[in-house]
Structure formats: C-alpha cells, structure tokens
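Visitor: Letter by letter, the chains look like this.
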Amino acid sequence: MLESTHLTKSFGKMKALDGVSVRMNAGQAISLVGPNGSGKTTFLKCLLGLVIPDSGDIVLNGAHILGGWDYRRHIGYMPQIGRYPDNMRVGQVFDMVKEIRRGAFEHLDDDLMRAFEVEKFAHKTMRTLSGGTRQKVSACLAFLFDPAVLILDEPTAGLDPVSSEILKEKVLSEKAKGKLILVTSHILSDLDELTTDVMYIIEGKLQFYQPIEQLKARTGEEKLNRALAQVMKQNAAA
Amino acid sequence: MKTTETTFDEPKIPGHPRRIDTFAVTHSQGEPEPGDAIAETAQFQPYTVPERIQRDHDLHDRQPAAVHRPPAFAEASAGKPSTVHRNSMLRIVKYVLYDILQNRIVIGYTLFLLAVSLGLFNLSDDPTKGLVSLLNIALIVTPLVSIVFATIHFYNSYEFIELLAAQPIRRSVIVWSQFFGLALALTLAVLIGIGVPVAIYAPNATGLSLLVAAVGLSVVFVSVALLASVATRDKAKGIGVALLLWFYFALLYDALVLFLMFAFADYPLEKAMLAFVSLNPIDLARVVVLLQMDISALMGYTGALFREFLGTGWGIAFATAVLLLWASVPMLLAVRIFRRKDL
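From first to last, the protein sequence lines are chains A and B.
So for the first sequence, numbering that gives the first Met the number 0 puts the first residue at 0; every next one is plus one.
So for the second sequence, numbering that gives the first Met the number 0 puts the first residue at 0; every next one is plus one.
Just so you know, these hints were derived from the structure itself, not from any lab.
Wrong hints could be hidden among the right ones.
As the list claims (entries may be wrong) - With a straight-line cut-off of 25 Å between C-alpha atoms, the simulated SDA-like cross-links for lysine to any residue are: (1) B:K93 - A:K215; (2) B:K234 - A:T40; (3) A:K204 - B:G239; (4) A:K176 - A:I201; (5) A:K123 - B:Y154; (6) A:K204 - B:K340; (7) A:K204 - B:M88; (8) A:K12 - B:I336; (9) A:K97 - B:M88.
Turn these sequences into a full structure, and let the hints guide you.
Guide: As structure tokens, then:
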C-alpha cells in the first residue's frame with residue numbers, strides 16, 4: 000500500500016534519512032522507534048510531502064507521490080506540535096479545513112470530536128488553548144476525514160490520561176477497520192498496546208522492521224520495552 | 000517467519016532492499032484486494048517520474064523479484080481528476096484576507112494614506128501641485144508598507160501554511176493565495192486611501208496614472224516580499240532582506256544611476272537610461288506619471304526621449320508590461336522555491 004525506496008534526506012551535513020526502504024500494508028499499525036533526532040519525524044514528513052527527500056521514491060497505492068498533492072486526501076496527520084493560526088477560533092479551524100477539503104472526502108468521522116467534547120471549547124481562539132487541548136484538535140483533524148493512512152507523531156504526549164485512553168481506543172478501532180497506521184512515541188507501553196509492527200531507526204538508518212511478536216519471540220521478552228532494550232544492548236556490543 | 004530472522008542477523012548494509020523483500024513476503028496477506036474501497040477511490044494526479052528515481056528503480060530490477068513494481072502511470076491516474084483544486088485557491092484567499100483584515104494594520108495604513116492625500120490636496124489650490132507631492136509620498140510609502148507588511152504577514156502565517164501543506168492542496172496554490180490575499184488587501188487600501196481623494200480633487204488622466212502606479216507598485220512589492228520570505232527561513236533575516244530591497248529600489252538605485260551618468264557623461268546614455276528605468280519599478284512608475292504631468296521638459300534631452308517613447312500609447316503598454324513582469328517573475332521564482340522547501 001505504502002512503500003518507500005532508498006529514501007535519503009540530509010539537512011546540511013546531517014543525514015536525517017539514509018536509504019530507508021520499507022513496505023507498509025493496510026491493516027498494519029507500525030511503531031517508529033528510535034532516539035531523539037533519529038529521523039522518525041523526517042520520515043513521516045517525507046510521506047506527507049512536507050519535507051522533500053533528496054533521493055528515493057515513495058509509492059502509495061501504486062502511484063508515485065513525490066511532488067504530488069492529491070494523495071494527501073488519503074492521509075490523516077497528527078503533528079508532534081500542532082501549530083495553528085493564533086487568531087482563529089477552534090470552530091473556525093475545523094470549518095476551514097472542512098471547506099478546503101470539500102469534495103475530497105467521503106464522509107466525516109466526528110467520533111473523536113464528540114468524545115473530546117470539542118463543542119465546549121469551539122469558541123476559544125487557538126492562542127488561548129493549552130498544549131493538551133491543541134493535541135486534541137490535532138487528533139480530531141487527523142481522524143476527521145476517515146483517511147486510509149493515519150500518521151500520528153507522538154499522539155499521546157501532553158494528553159491527560161482519560162483523553163489518552165480515548166485516543167488509543169480510536170486508534171485500535173481504526174486499525175480494526177484495516178487502515179495503515181504509523182505511530183511514533185517514546186511511551187513504549189502505548190506502542191505495545193496499539194501496534195503490530197515495530198520499525199527501529201537510528202541516525203536515519205533503518206535498523207530493523209518486524210512484527211512485535213517476532214521481536215518478542217526472538218529476544219525472549221514479554222514486553223516491547225524490554226525487547227527493545229535487549230536489541231539495543233546487542234547492537235552496542237556488536 | 001524464518002526469513003525475517005535471517006535478515007536481522009545479516010550484516011547491515013544501508014538501504015539494502017533485501018530486508019524489505021523478505022518482509023514483503025511475510026506480510027503479503029495485508030495487501031489490499033483489487034476491488035478494495037481504497038483502490039477505487041484513489042485518484043492521483045499524473046506525475047512524471049524524475050530520471051534519478053527511474054534509475055533507482057532500474058537498480059531494483061537486479062534484486063530478487065519481490066520488490067513491488069508500481070504500475071504504469073496511465074493506469075494509476077485513470078479516473079476523473081480531483082475536484083479539490085478547482086476552488087481551493089478562492090477558499091484559501093478568503094481566509095488569508097480575513098486574517099489580514101483582522102489585524103487592523105491595513106486599516107491604519109488606509110487611514111494614513113487618506114489623511115496624507117487629503118492634507119496635500121488641501122495645502123494648495125492647484126491640484127497638480129498636490130498630485131506631485133502625493134506622487135513623491137506614494138512612490139516611497141506604498142512600496143515600503145507593501146514589502147514590510149507582506150514579509151511579516153508571511154512569517155506570521157507560517158502555522159497556517161504548515162497546516163495547509165498537509166492538506167490535499169498544491170504547494171503553489173498556498174503561495175499564490177498568500178499573494179492574492181496580500182495584493183488584494185493592499186490594493187484596496189490604496190484605492191480608498193489615494194483613489195478617493197484623487198477622484199475628488201484631480202479626476203484626470205494624471206490622477207488616474209498616479210493611482211495605477213501606486214496599485215502596481217503595491218502588487219510588485221508584495222511579489223518581491225514573498226520571494227524574500229520564501230528564500231529565507233529566519234524571520235528577522237527575512238524582514239532585513241525586505242528592508243534592504245526597498246532601500247535599494249527606492250534610494251540606492253537612483254544614486255547608482257546618477258553615478259553612472261556622471262562617470263559616462265561623455266557618451267550618449269539616453270537609450271541606456273530607458274533600460275535603467277525599466278530595471279527599477281519605482282523609477283518606471285515615477286517617469287510614467289511625470290510624463291502625464293507635462294513637466295518632462297524639465298528632464299532635458301533624456302526627458303524628451305522618454306516623452307517620445309513612454310508618452311505614447313505604446314510606451315504606456317510597455318510600462319504596464321514591465322510592471323507586470325516585475326509582479327510575476329519574483330512570484331514565479333517564489334513558487335519554484337516554495338515547492339521544494341522543507342516545512
């Protein structure tokens with residue numbers, strides 16, 4: 000469904016992505032794991048066309064998407080730090096995005112908007128919102144157009160426990176519908192619950208990409224965090 | 000499952016595709032069926048594969064067969080084109096305009112122009128004198144406000160632009176809608192601030208040419224401002240570049256031309272002067288308006304040449320074309336840069 004080949008991107012001398020080739024299918028929920036600055040966000044931004052890779056190719060549903068734009072209707076994106084026009088009210092932001100995407104979606108999925116009770120703060124301007132509330136707006140926008148691919152960059156960071164559970168439930172139900180979901184997080188227990196596969200990136204290089212179950216079996220660990228810790232130790236030794 | 004195990008223990012070669020190959024086998028059950036809802040609704044715009052990427056794919060052919068080959072582009076792009084882009088420019092311009100009108104600077108600018116224009120026309124009984132003074136103010140102020148306001152607005156809209164860039168919209172639509180929003184708002188300010196007083200006190204060809212020049216310069220400098228802000232990532236630097244550009248066009252350029260004239264006073268420079276004037280939109284606007292005022296005799300032999308060329312209908316058409324070039328070329332460059340910019 001979504002495939003990148005030899006994706007490479009440098010920012011100055013730093014290589015943010017170094018020949019990343021992966022193939023992702025519908026129904027998979029993939030964790031992107033790696034230290035800070037390892038290129039996870041750059042990889043996600045390349046998929047969205049926010050960052051233009053130096054070389055390599057990305058194919059979605061059989062079409063090359065680099066330089067394209069219409070394919071973004073199939074992607075819901077929740078950025079790490081949601082930044083919105085300060086003067087706009089929450090309701091206006093939703094209206095605007097809906098208006099811009101008019102004709103580009105089948106139906107609206109406002110489950111999250113209802114679960115987060117967006118109406119209660121719809122009249123507030125974006126400037127006055129707390130970080131967590133902004134995250135809620137980002138989450139609602141990502142799921143609103145029922146996209147086939149969901150890209151969630153640190154989705155639970157800054158959310159209170161209740162909202163975090165709501166979001167996780169939503170991710171699981173979308174996964175059950177057979178969507179492709181990409182999640183980065185430093186909260187490994189969340190990823191353990193949500194995802195089927197794990198992709199480990201260090202300094203822009205893909206270290207491994209395999210089903211979580213396999214990783215656990217290989218390392219003989221029950222939890223994702225311990226399994227990853229062991230892999231990292233092995234890597235350091237090698 | 001054995002395949003992935005092997006892959007992991009192998010020495011890691013960066014970007015070696017075999018790792019995916021084996022993975023694709025273990026995961027092939029997740030592949031969407033041909034009749035899948037996603038596959039049906041998918042409508043992609045045609046996109047020619049750059050040579051570089053084509054080469055990468057050729058490399059792939061030498062690898063084991065499991066690498067997925069995208070179908071030929073004609074197949075992938077079959078179906079009716081998207082309806083999103085048709086109206087998206089207008090929809091976005093609406094929000095850009097809404098945002099500009101909310102922050103009141105443009106309203107202040109309008110009132111300032113209005114006050115200056117009315118004041119200058121009321122200073123003397125002769126509206127032509129008012130026009131000359133207004134011309135000098137307009138040629139300095141409208142480019143300055145346009146370039147600084149457009150630059151600041153672009154940087155302040157960065158969040159908005161980021162939000163739009165993740166939506167199914169062309170990058171070019173994002174920059175063009177910023178341009179149209181800014182150009183419309185500033186044109187409106189000039190039409191009210193200068194247009195209304197001119198219509199009251201000097202409703203003639205000279206007044207009209209002054210108004211057209213002020214509007215033209217506003218649009219030109221929005222275009223230059225967007226080029227400067229797209230090319231520089233840092234806000235302070237961007238505003239600095241914008242101010243320098245204004246300084247260059249409004250003041251420095253004339254000094255340079257005077258210096259050249261002085262240095263090459265022994266040579267016939269009249270024709271060269273025409274070229275020099277065209278290379279600075281502010282000078283071009285000034286000359287065209289002055290020619291309408293019948294005081295070009297004061298400009299000597301060069302003035303006579305200007306009159307001969309720029310005073311005619313063809314000259315006006317030429318000046319308009321040059322101003323249009325000044326408005327479009329920086330914007331086209333800005334769009335080019337923005338399409339490859341990392342957000």
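Visitor: Kindly indicate which numbered hints from before are broken by the structure, ordering the numbers from low to high.
Guide: 1, 3, 4, 7
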